[in-house]
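There are 2 protein chains.
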Amino acid sequence: MPNRSITAVRGFRAAAVACGIKSTGKPDLALLVSDRPATAAAVFTTNKVVGAPIIVGRSHLRAGKLRACIINSGCANVCTGARGINDAREMCLDTATQIVAEGESLPLTSILPSSTGVIGRYLPMDKIRAGIPLVAAALGDSEEAGNAFSLGILTTDLVPKTAFTTLRLGGKTITIAGCCKGSGMIAPNMATMLAYIATDAAIALPALRRAIRGVTDRTFNCVTVDQHTSTSDTFAVLANGMAENRTITSGAAEKKFTAALYDVADSLSQQIARDGEGATKLVTVKITGAKTAHDAKRAAEAIANSALVKTAIHGGDPNWGRFISAAGYSGAAMNVEKSVCGVGKIVVFKNGRPTDADLKAVQHTMQQKDLTIHVNLGTGGKSTHRVYTCDLSREYIAINADYTT
Amino acid sequence: MPNRSITAVRGFRAAAVACGIKSTGKPDLALLVSDRPATAAAVFTTNKVVGAPIIVGRSHLRAGKLRACIINSGCANVCTGARGINDAREMCLDTATQIVAEGESLPLTSILPSSTGVIGRYLPMDKIRAGIPLVAAALGDSEEAGNAFSLGILTTDLVPKTAFTTLRLGGKTITIAGCCKGSGMIAPNMATMLAYIATDAAIALPALRRAIRGVTDRTFNCVTVDQHTSTSDTFAVLANGMAENRTITSGAAEKKFTAALYDVADSLSQQIARDGEGATKLVTVKITGAKTAHDAKRAAEAIANSALVKTAIHGGDPNWGRFISAAGYSGAAMNVEKSVCGVGKIVVFKNGRPTDADLKAVQHTMQQKDLTIHVNLGTGGKSTHRVYTCDLSREYIAINADYTT
Chain A
1 MPNRSITAVR
11 GFRAAAVACG
21 IKSTGKPDLA
31 LLVSDRPATA
41 AAVFTTNKVV
51 GAPIIVGRSH
61 LRAGKLRACI
71 INSGCANVCT
81 GARGINDARE
91 MCLDTATQIV
101 AEGESLPLTS
111 ILPSSTGVIG
121 RYLPMDKIRA
131 GIPLVAAALG
141 DSEEAGNAFS
151 LGILTTDLVP
161 KTAFTTLRLG
171 GKTITIAGCC
181 KGSGMIAPNM
191 ATMLAYIATD
201 AAIALPALRR
211 AIRGVTDRTF
221 NCVTVDQHTS
231 TSDTFAVLAN
241 GMAENRTITS
251 GAAEKKFTAA
261 LYDVADSLSQ
271 QIARDGEGAT
281 KLVTVKITGA
291 KTAHDAKRAA
301 EAIANSALVK
311 TAIHGGDPNW
321 GRFISAAGYS
331 GAAMNVEKSV
341 CGVGKIVVFK
351 NGRPTDADLK
361 AVQHTMQQKD
371 LTIHVNLGTG
381 GKSTHRVYTC
391 DLSREYIAIN
401 ADYTT
Chain B
1 MPNRSITAVR
11 GFRAAAVACG
21 IKSTGKPDLA
31 LLVSDRPATA
41 AAVFTTNKVV
51 GAPIIVGRSH
61 LRAGKLRACI
71 INSGCANVCT
81 GARGINDARE
91 MCLDTATQIV
101 AEGESLPLTS
111 ILPSSTGVIG
121 RYLPMDKIRA
131 GIPLVAAALG
141 DSEEAGNAFS
151 LGILTTDLVP
161 KTAFTTLRLG
171 GKTITIAGCC
181 KGSGMIAPNM
191 ATMLAYIATD
201 AAIALPALRR
211 AIRGVTDRTF
221 NCVTVDQHTS
231 TSDTFAVLAN
241 GMAENRTITS
251 GAAEKKFTAA
261 LYDVADSLSQ
271 QIARDGEGAT
281 KLVTVKITGA
291 KTAHDAKRAA
301 EAIANSALVK
311 TAIHGGDPNW
321 GRFISAAGYS
331 GAAMNVEKSV
341 CGVGKIVVFK
351 NGRPTDADLK
361 AVQHTMQQKD
371 LTIHVNLGTG
381 GKSTHRVYTC
391 DLSREYIAIN
401 ADYTT
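Order-wise, the sequence lines are chains A and B. Numbering follows the working numbering, with no gaps: position 202 of the first sequence is 202. Numbering follows the working numbering, with no gaps: position 349 of the second sequence is 349.
Keep in mind that the hints are not guaranteed to be accurate.
No copy labels: a pair is met if it fits in one copy or bridges any two.
[Said to hold, decoys possible] Below are the DMTMM-like pairs computed for lysine to aspartate or glutamate, each with C-alpha atoms no more than 25 Å apart in a straight line:
#1 Lys345 - Glu104
#2 Lys22 - Asp356
#3 Lys345 - Asp35
#4 Lys369 - Glu395
#5 Lys127 - Glu90
#6 Lys22 - Glu102
#7 Lys286 - Glu143
#8 Lys360 - Asp141
In case anyone wonders, no lab produced these hints; they're calculated from the structure. Every value quoted in this text rests on a predicted model; they were computed, and no experiment measured them.
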């Protein structure tokens, strides 16, 4: 099978090394480099408490051009004041120095820094300073190099998350490939913690910015594991133009590119939910019949974030009263008499009362690995929303009751 | 020790029996009767999906007079359409018939019905019909009878929750005593599921209504176990006037009565959080320095409802980044540079960076049974809020992953 990792995109090289931040000895410093300056757009967390790399990254993204992303896992560099900002800048400076040939130079602002892990600790800069030359030396365009990158950004994730697609545009083949990390502290408003998508498309900055915004709202912002919006969420797209297509600026080409970007981001979003901390199931919550888009979103999120819903799903327990009652407290307009609640393809509640659906069949559906919960709010409105989430297990408690120590 | 149960209030009798709704054989039908018509006020759930007893109860409370509360546990009578409404009315009718002497009659509307348990099932009316004469025959004013009542209303609660106080008013002693149930599906906007407070105070209906509203906002509406607002929440106060005080209508007497009612409701609220499903700790979240009361509430609730916060507390893990980051995504205005985060009496974050607090001491504080988390949002505002919650344990998952089946 051909390379489908992030290095499958022309002109991108990647690597990861273990520099000693994680006590487990797993890779914790990852680097993605575009050989040419890439048009770049990013979306960051909406949390008011933000990591130092977010503050630095927002400023570096202003010009819409990037050469590299440097990411450490194991420490988030959040709540670290001026020292944290200096550390994030130094990561960029060291990276800029390492990825160009001797004698050349690269501005600090061509590098996007990210850090993920525990909040409230300073970065171990001695380890990062020593690690950056090593990860730069390891850069390659092989599948192994791409896979190493997707592993190096993980924290409590059990599996790497990657996605790949191609599209044809004006006789040229464009590749889009990316990876992300995210398993805990996952909730809408940048749901991902970290996601990087590389493409060789030639695309104008305004078109890329429109694409990333539209796609984020329908993918990463529709994932929730535990309703806890992270301080470090970052989703960046780098487009280096090496596919040599006519630069995408608007219209049908932008639409086609955005659809392909959506496919990649949607796949990564589902992978985050499926690998939620302690998760055993991928759950899709669908709301229809809402008065407004905001109502549809509120109802979907109330269901997806309810611990009672998530434990019922974990137990394969056909306790659908928890689904409909979560919609009921979400604040969304609702007409209970006209509401419908479905589990998979089985309608369990309609006309204000339970249907005569066989609870054994509902239970069987709820025991599957992939499950869809559907609630029509009965308002006669046309708005809909869809959220990806997972179940809540004892394993989630085990992972999170003893994390820093 | 004298009787401090709900039957310690003059003119109130109580009882509970096992009528067979709960498969465990535990008491599941409870009755509270005032010998005289009592002035009564109640607060119900804000969930848009409401149980049939809530619909019936709201209508019965309109006149502000009650003689009795009849409560079954084990089935919530929610999402049950017209049949559910008829069943709730029949519970009231049967109770009204049973609690008066032969030949006398009592209107249906003097009875408040409540049901708690699984949603989406019809009440087993054969069992309830047979049970009501039994529970009426068991009515008594002994401590045992009061304790039986507080046990009969429980579902997944591990312990009964009761509170008692007295106050002196115009030379008369007024007694206020109550009990509640609540352990799962507990979140603000009537946090309690079911609470009944009896008093022998003579109080005018408008004053009682003001008292119950004010007290609810500062007590039951400040508890969250799992953020899931129940469809059955009910908090009722019955005041039968047998203390023979001058009827409370306003002013200093109302203030004094409201303060005593607050003490009873506040104690019951803390007991709910402490007995939250799977809980091992009582956690108090305090917000200060908020711009508005709404902001203070949002930030407190975001912290109290975060699974990451609750698991860190369960593990006694000094991972305070989870507290401050939950405030950060709550939507409340926040000035991170001027925010302060405290764990018990230890300040862990200030001036935008970690303090040099000893993490071992923080860990020791976090391992206590009672824990206070404090976040000052740093806006310079004067608004504050306080929420009671509990930790999140494997036991919560065990209780909720296999509940109906």
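Against the structure, the hints come out as follows:
For a Cα distance limit of 25 Å, the shortest separation of Lys345 from Glu104 qualifies neither inside one copy, at 61 Å, nor across copies, at 54 Å. Taking the shortest alpha-carbon separations for Lys22 and Asp356, only the inter-copy value of 23 Å comes in at or below 25 Å, while the best intra-copy value is 54 Å. When the C-alpha separation of Lys345 and Asp35 is checked against a cutoff of 25 Å, the pair qualifies neither within a copy, at 49 Å, nor between copies, at 53 Å. Both within a single protomer and between protomers do Lys369 and Glu395 lie at most 25 Å apart by alpha-carbon distance, with minima of 17 Å and 23 Å respectively.
Taking CA atoms no more than 25 Å apart as the test, Lys127 paired with Glu90 passes inside one copy only; the shortest distance there is 13 Å, against 73 Å between copies. In this assembly of identical chains, Lys22 and Glu102 lie within 25 Å of each other by CA distance neither inside one copy nor across copies; the values are 31 Å within and 78 Å between. For the homomeric pair Lys286 and Glu143, neither the shortest alpha-carbon distance inside one copy (36 Å) nor that between copies (51 Å) is at most 25 Å. Neither within a single protomer nor between protomers do Lys360 and Asp141 lie at most 25 Å apart by alpha-carbon distance, with minima of 52 Å and 45 Å respectively.
Hint compliance for this structure: hints 1, 3, 6, 7 and 8 are broken, all remaining hints hold.
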